[in-house]
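At position 166 of the sequence shown (counting the first as 1) the number is 441 in the working numbering, and the numbers step up by one without a gap.
By construction, these hints were calculated from the structure, which means they are not laboratory data. On a predicted model such as this, the values are computed, not experimentally measured, just so you know.
In silico DSSO-like cross-links for lysine-lysine, where the CA-CA straight-line distance does not exceed 27 angstroms:
#	residue 1	residue 2
1	Lys483	Lys769
2	Lys768	Lys483
3	Lys768	Lys753
4	Lys769	Lys753
5	Lys441	Lys387
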Amino acid sequence: MSSATFPMLSLITALPLVGAIVLLFLQDARHIRLVATVMSAIAMLFSFMLLPGFDASQSVMQFTEQVPWIPTLGVSYTVGIDGISLMLLVMTTVLSLIAIVSSYTAIHERVKEYYVSILLLETGMVGVFVALDLFLFYLFWEVMLVPMYFLIGIWGGGRRLYSAIKFFLYTLFGSLFMLLGILGLYFSNHNPAYGTGQFTFSLLELYKINLPETVQFWLFLAFFLGFVIKVPMFPFHTWLPDAHTDAPTAGSVLLAGVLLKMGTYGFIRFCLPLFPEASVTFVPLMVTLSIIGIIYGALVALVQTDMKRLVAYSSVSHLGFVMLGMFSLNIQGVTGSVLQMVNHGISTGALFLIVGMLYERRHTREIAAFSGLSFQMPVFATIFAVTLFSSIGLPGLNGFIGEVLILVGAFQHRPLYAGFAVVGILLGAAYMLWLFQRMMFGPLDKPENRSLTDMNRREIAYMAPLVILMFWIGLYPKPFIHLIESSVTGIVKKVETTDSKMAASISFKSSD
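Start from the sequences and build out the full structure, keeping to the hints where you can.
Here it is in structure tokens:
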């Protein structure tokens with residue numbers, strides 16, 4: 276564990292919170308937007324500054340900070356990052372800034388409250404990825420729900436109150452089971468038979484625990500319910516299309532780009548290393564749910580008439596790939612899974628921004644309301660095409676690298692799994708290309724579309740980093756894979772060792 280001489284992670288976590296507090300004393304909308312942008316931009320720059328000082332050859336936590344918080348309960352303020360959490364942290368700060376800038380012309384009511392909510396949400400999201408104390412992790416996990424609830428419920432559209440309440444209740448339901456799992460770990464560690472004999476919420480201490488398989492099973496199940504709803508995996512996904520459809524554009528970007536990754540991150544940070552035997556036991560269930568999600572999400576996306584709802588169901592399919600790679604339990608699959616978390620955040624975040632641009636101009640998301648837009652909005656059509664091909668997984672763009680690694684991992688585990696996943700890729704290409712063909716080509720015959728303006732400089736500016744990342748990861752993924760491979764290898768080796776022991780045990784019993 277590498278300790279930090281300067282509390283960089285605490286600074287990145289606190290900056291948006293400080294910005295939110297400053298906004299409470301401002302009244303002018305221009306000043307509010309400026310302060311929100313500056314504070315989020317500073318947090319992003321500090322997250323970039325972590326990269327040169329990070330040693331990617333080490334799997335240990337780095338930039339760690341530890342301060343006793345509630346010593347009588349074994350609670351401490353402990354934060355730190357490895358390659359996986361660093362990549363997700365940087366993605367969070369980038370998408371948060373883009374979400375703020377993209378909202379300049381979209382939000383005109385309760386501007387102060389809106390940007391306060393965005394900044395509080397950013398603090399919660401960053402906190403989840405850096406927390407190394409389960410009490411602290413759970414605190415950030417729950418805090419993050421509140422601003423997203425208000426973003427959907429106040430600034431959303433359609434059935435926004437229904438969608439906000441549904442999002443909150445689903446996530447809270449899973450969180451309560453996760454809390455039971457955290458308490459189970461807490462008390463299990465106090466048992467000297469397989470724990471350290473201490474009452475502690477420290478994740479690094481809890482990694483040393485050696486739980487019996489039965490205990491692992493029930494604790495995995497508790498964490499499973501907390502994370503599977505957040506991902507979300509089939510059949511716990513029903514809150515997602517409603518939340519995406521009714522959230523404001525920035526809310527959808529952060530929901531797809533970051534919040535959903537908290538579920539996948541939870542599995543790789545907690546379930547695999549803490550409960551390796553249970554993780555192996557749950558592989559058939561996890562893979563089955565992943566494959567169902569891949570194909571089901573793609574099929575439902577095919578019949579959508581609302582652009583935003585189509586992108587929402589595509590997330591169900593894409594995150595099925597992430598989970599399939601993760602529970603292949605090999606280095607290629609898990610590496611592809613982590614990389615695809617980032618790829619999904621970039622591509623789907625960009626798709627929601629594109630939908631938001633059209634909605635601001637036409638105030639409709641119905642696919643049938645658009646045709647021939649490539650003639651009227653050529654720059655928009657070009658960026659839409661790049662984003663769409665990125666989401667499909669076209670070679671040369673980011674989605675391809677993640678999908679190939681996941682397919683290799685799934686094939687190594689069981690070729691049939693890769694076969695089912697390929698079906699999802701084909702369906703994904705079908706619904707995305709059909710969407711593009713209906714909207715961008717054909718006659719420009721609707722009078723409302725003839726007056727649409729192309730992307731302005733602000734819109735190009737906040738889309739440009741995402742497009743650059745699509746090509747960068749697609750053409751030269753080495754720096755991104757290098758950043759996470761040591762962390763992934765450490766987690767996979769722990770699970771593989773357990774899998775080998777279980778196989779040897781079964782073989783020994785069979786020989787008897």
